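Chains as they are written, first to last, in numbering that gives the first Met the number 0: chain A, 0 to 523; chain B, 0 to 494; chain C, 0 to 169; chain D, 0 to 262; chain E, 0 to 80.
Keep in mind that the hints are not guaranteed to be accurate.
What the hints assert, rightly or not - Coverage of chain D stretches by chain E, computed from C-beta distances (three or more under 8 Å per stretch; other residues unrestricted):
1) 158-165
2) 182-196
3) 246-252
The hints are simulated quantities; they were obtained by calculation from the structure and are not laboratory data. None of these values were measured; they are calculated from a predicted model. Glycine included, every Cβ here is placed at the ideal spot set by N, Cα and C.
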Amino acid sequence: MIDQLPVICVLSPLFGALFVALFGSRSHSACFPIAIVSLVISLICAIGCTQQVFTTGQAMDYFVGGWGAGKVVEGVEIPLGFGIQLRVDHLNALVLCIIGIAVLLVSIFAIRPQGEKDTEKTHYFYSLFLMLACGLFGQTITRDAFNLFVLVEVSSLASYGLIAMGSSPRGTVAAFNYIIMGTVGASFYLLGVGYLYLKTGTLNMDGIRQVIELSPDVADSRSVMVAFILIMLGMWIKMAFFPLYGWLPNAYSYCPSSAGAVLAPLMTKVSVYVMIRMMITVFGLEWVFESFDWSALIVWLAVIAIFAGSVFALAQNELKKMLCYLIVAEVGYMVGGAWLADADRWGLTGAIYHILADALMTLCLFLAVATFAKRAGVIKLDDLDGLFKKMPLTMVGFIVGALAMIGVPPTCGFFSKFYLIRGGIESGRWEFVIALLVSSLVNAILFFRIFEIAYFGSSPPEGHGHHDDEEHGETTARRGLEAPLTSLVPLWITAALIIGLGLMNGQVVEFIRKTVGLLGGGAA
Amino acid sequence: MDSVNVIQSNLPIWACLASLLAIPGIALFRKEILLRELVTFVAGILKFYFVLQIFFLVKDGSVVETKLFDGIAGINAPIVFRVDSLGILFALVASSLWILTSLYAIGYMRGLKEHAQTRFFSFFALSLSMTLGVAFAGNLLTLYLFYELLSLSTYPLVTHNQDKEARSGGRTYLVHLLSTSIGFGLPAIIYTYIKCGGDLSFAGDAILAGQDMGFLTGAVLLMAFAFGFSKAGLMPFHSWLPGAMVAPTPVSALLHAVAVVKVGVFCVIRVVVDVFGVDLLGEINANLVLCWVAAFTIVTSSLIAMSQDNLKRRLAFSTIGQLSYIVLGVALLTPYAVQGSMMHIAMHAFGKITLFFCAGAIYVATGKKYISQLNGLGHKMPILFGAFTIGAMSVTGLPPTGGLLSKMYLILGAADAQQIALLVIYLVSSILNGVYFFPIIWRAFFKPLPEDAPETKGAPLACVLPLSITAAASIALFFFPGILHNLANLMMPGG
Amino acid sequence: MVDFIEIFVERVVHFIENVVQPHFNYWSYVVLMMIGLWGLIAKRNLIKKLIGLSIFQTAIILFYVSLGVKADATIPVFDYEAEKSKSAAVVLPAEPSEMGGKSDGKYKKIDPDHYANPLPHVLMLTAIVVGVATLGVALAVAQSIFKDFGTLEEHEILEKIKTGDYVKHD
Amino acid sequence: MAMKWLALVAVVFTGALLIYGVSDFPDWGSADSPANGGIEGAGRSVSQTFIQETKPLTHVPNMVTAVLADYRGYDTMFETVVVFAAGMAIFAVLRVLKTVDGQHSRVIRDRSVDGDHQRIIVGTTCKILIPVIQMFALYVVAHGHHSPGGGFQGGVILGASFILLGLSDGMETAMERLSEGKFVAMAAIGVLIYAGIGLLSQFVGRDFLDYGALQPLLGTPDEGWARSHAMLGVEVGVTFTVTAIMFAIYVNLASKGELKGGL
Amino acid sequence: MVENFNIIILVLLVVTAVISLQVKDLLSASMIFGIYSFLICLLWAEMGAVDVAFTEAAVGAGVSAVFLIATVFNTKRKSSD
């Protein structure tokens, strides 16, 4: 039963989505339980897979349809790449868990009707939400290049629906741009896989890498180089890397709040994971850093991404828009980290760890901002005034997320920056180190600007506070506005996870290093 | 140094947790004020009791260690507590003064009917446990971790009044502390971490001992650390301290005279003694750079202090000066100087906290903040101004108070290190200290009381009692310096 | 002068012969793709952008299909007559049921070069359907934009967003 | 105008990149290119195995259907999920649930105006044509194994027949045949059939979508035949979904989401 | 024979693609896009990809043209460029 876990992990949200579509239209209240049950099952499977990979130290292989490589069926010896292979290894086990946790928390968060007028569409929302989860799970564990394209399309289509179903007109315009950019990105990826298939004859990721390592004329052929560029271009569009990020800020800030809370943390991070999977498994790190040696250019692009993201975030005065530009900067961290060609691969480890850390941080911030928007109607920065008094509990969650984004020690944000800076120094990319430090300073200014407004109120009283005759003791905050439990519990769990991931980063990074050590060139 | 026997016990964790556990207590008794203050007081005593326990263990040179989390992978930089003599000295000072300050704060708050006291006391307790965290830190990473948390947990205290000045004060406070710690501190730590192959712990010999490091890299790294830990108030990055005077007096008394600023200096000492190691710094004599920066800070801050009319700002600039005394002492590297600087931490703490208590008490009683308004108050509040005089004498280093001892060690250290110019600066600045303290005492006692002065009620007992205790303590330290002396001795053998 | 033209013509023919000719069919998909991409970016009307997008996707499908083409190979459906007539050695049962269903591997004789490569065709079935699905969603979003903004021209929509005169739902 | 130049630059740049890649492609239509003939030393070429082994493995002459439904069945399942997701997304975006007057008004189509000739000509031809189209669609689905065709093509044609009905007789008559509740359920059931068959083989103890495991259930002589029949079952599932979603997309696009009136 | 059949279709393809993008009236653009789909289906049938051709004919020429026209009917028919 254990080795069936990877597929069940992908299938349970799919079945959830189908049952929600079947029974949801009749009774809206049925949607939520189905969604929760299916997501809990997939989370259990994800944790089971990680446990299995952790204890045995081996990756879990799964061949759909029984077409295992080397297996003899009806007297026929099946070659690699005949069927579709799924594999949970050290790299994607943790990404699987993070997606499972994030999706479950947001589904709990989304139970309260959006507050927008069309509450009748909850079953469409949940159906798309579960299909998005199914697409993300599938993307993480698939080992087949074309299957990855189909799953990218599943999750993208679900996200197009989620973004466009909002009531704000600007949301639909942003959704249209997102559809165009997303499809162009996926098509570039498809073309890249086509070029690869033409030169290597197989679609299985390990098969491609074996051919590239096997025959030198394939390795330094032009079409494999162009294939790599195309795949990178496609993935950069999907993850909104610097020059191609136009669609992200509008798409994630004008979409319905619970949709934003699930898309912002996961979509870009899974695309970064796919890029790293491509670099490690399909092309092999030697090929990427020796014969394709453009890492200097890409690290410079990442530096520009970080600066641009931070500066634009500073210039925004809408809260969600500001967080979206921060996502662009964080993507700059990850891509820059992955492309530092340092000997011990610490940059790559930092990037992978940052995928986990950044998913949690963004989730925490977006959940908090969504609660502010829903309960207190906060859109602009100066709507935030006096929020410490009105919604202290949500504000605590927001603070933990903000501290993680700045990189204050106990949270995971600090440790991922630590590894990235270490990678930067060891590979001699000082511009990347400086970019990281400057951007964490800008984050500090950004978030403390928010704390000031929330703490003091946008226009603090003149003169010394304590002389006027405030009544003695506590000024009782108006408790009415405090967020409901269903949005507080996910927020606080995420905050706890951020600190937990920070403190546990020793084991987590040991676990990640096995992948980088095993396949990458660097010493474990 | 590494023959020291290590005792595994989680006393340090209990010490830190003592004040943390007080926070739920404080929040619980939000309504009953008396109960809430009792919780704070009990937490103070409990903490001091734990620190005393650790002190008895550490007194004979052994070290108490305990591990919380294994932090960063690939290197052994777990989050670990390792209490040695320097750590326990600082912890003793901080926890003992916390009891007095919480007593003082209760009086002060009740006197001024301050708002949001629950938040005030809980963050007060939180920042104390962070201070102890820094004191007990076992490696550079834990040090940085609690250092950052301390600057965050003190922000709500500094901006307690929630008005215009509090906002701008808070902003300068945070911008300075965060930008220097992230801008200078983090790269410095990571560079050390890479240079020494990943072993950041303070146990055994210094981290960078034996590394071949030129003068330039050594100096740049040392200054990166010094400016990284900008709580030590070295000149270009000192302006957060006067900015933080916006806070209510108990905050500026404990935090900005004892806890926060001493954390900065404590980190600089850790860096010089445990990261670089005295002999490495001696070889590449990168420490001269630090000496002259500290010397410059001493002189200029004393000059600025003279021109300040606001009493608390004058005390703030005097603190900056005194801190640089300690930094200069450590940078001299000679045994006497290092011992002197460690003792000066305690002496200055007791002296300066008395002065701040007096400033607060005057404000509670008369609402006066400026020195020019203090004419003739000495007759009204003789005890208060008596304690003020003792505090001033201890800070300037006059005979009956403990300040003299530490300054004497510092001067001897400077002489050992053949730094005659620095020795002269020590003397001159002591005179300058006198110059900006004694006019206040003169004005209070010998100037006639202005006729139209309204009838002023005496300062509340809860304020006067702690300041007289601290004044008495600074005199006691002069006659029985035993505890401080052998602790300092443990840290730097000989001399 | 004359021999110069000859050399030039000879070189052009040579160029076409072994640089363009073997890869001409691959260039065709590049041309179509660039038309699609150009339409996607340059056109201001949203529907035109979608047409450009569809052309872009069908060009990629053309590339994949031209991957699997084999000279003088039939469609990838196994035909009995050709296999039977090709070589007597292949003793093929009239109907698989006679064989009691068990295959004894006699079909190894099938010559793969005789059939086109089926894998790209499978991939492209998926790509076409994905293309239509995306087109459907994009058209739905376009209609929803028209409901709110009253126009499908991109520059007019941006205008209206700036001036803010679109239908504001509560 | 700036967009035009930007487009030109982007197009020229990507075009050059692609053509640069094309330069060392294997020749057009060569049977021994890596894709068609595989690379020596890297094991047996996958596509050659498909061609040579499909007949013995699955007794299905049409190799494309075999690869589509059996070997890479996981891909096709997610493709059906893509179609289903598109349907759901369109409902989410366009569907107007509360009409302006607040309740779901049902417009009864008045049949009194029969006089317009256009309606008569189109109406009668379509009445004759639609059943034939549906028959052809079912033939395409059933014959997916032997001739080109299969779940997707059949499903689209079946959907097109309903669209034709919607076009010729107005949306109400089409909706009477296939109401909203029906085709949403139909779409969901289609994917359920597909995933259900896969799950069935998992219950029997072998991997997901391993049709060979269904041999005891289906009582076929050997696993090959079980695969062939299971493939047909999967194709039926795909047809359900594709028909329902194509009709759903048309219905929503034509009526701007109110599901009445239409073109 | 097969070679120049290929070339004819390719030329027609490029022509229909460009016209479909350039023509101002959206309804005719959709129609021409239907033709484009049908032509590319012919090309694939000639290349041996029978299944793909069948799908493209049914899906490309058939259904997507209907969707485009349905949308054009519900929005504006005139396009500015």
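Going down the list of hints, with the structure as the test:
1. 158-165: Contact hint for the segment 158-165 of chain D vs chain E: holds, 3 residues under 8 Å.
2. 182-196: This one is violated; 0 residues, fewer than the three required, reach chain E with a Cβ under 8 Å.
3. 246-252: Result for this restraint: holds, n = 3.
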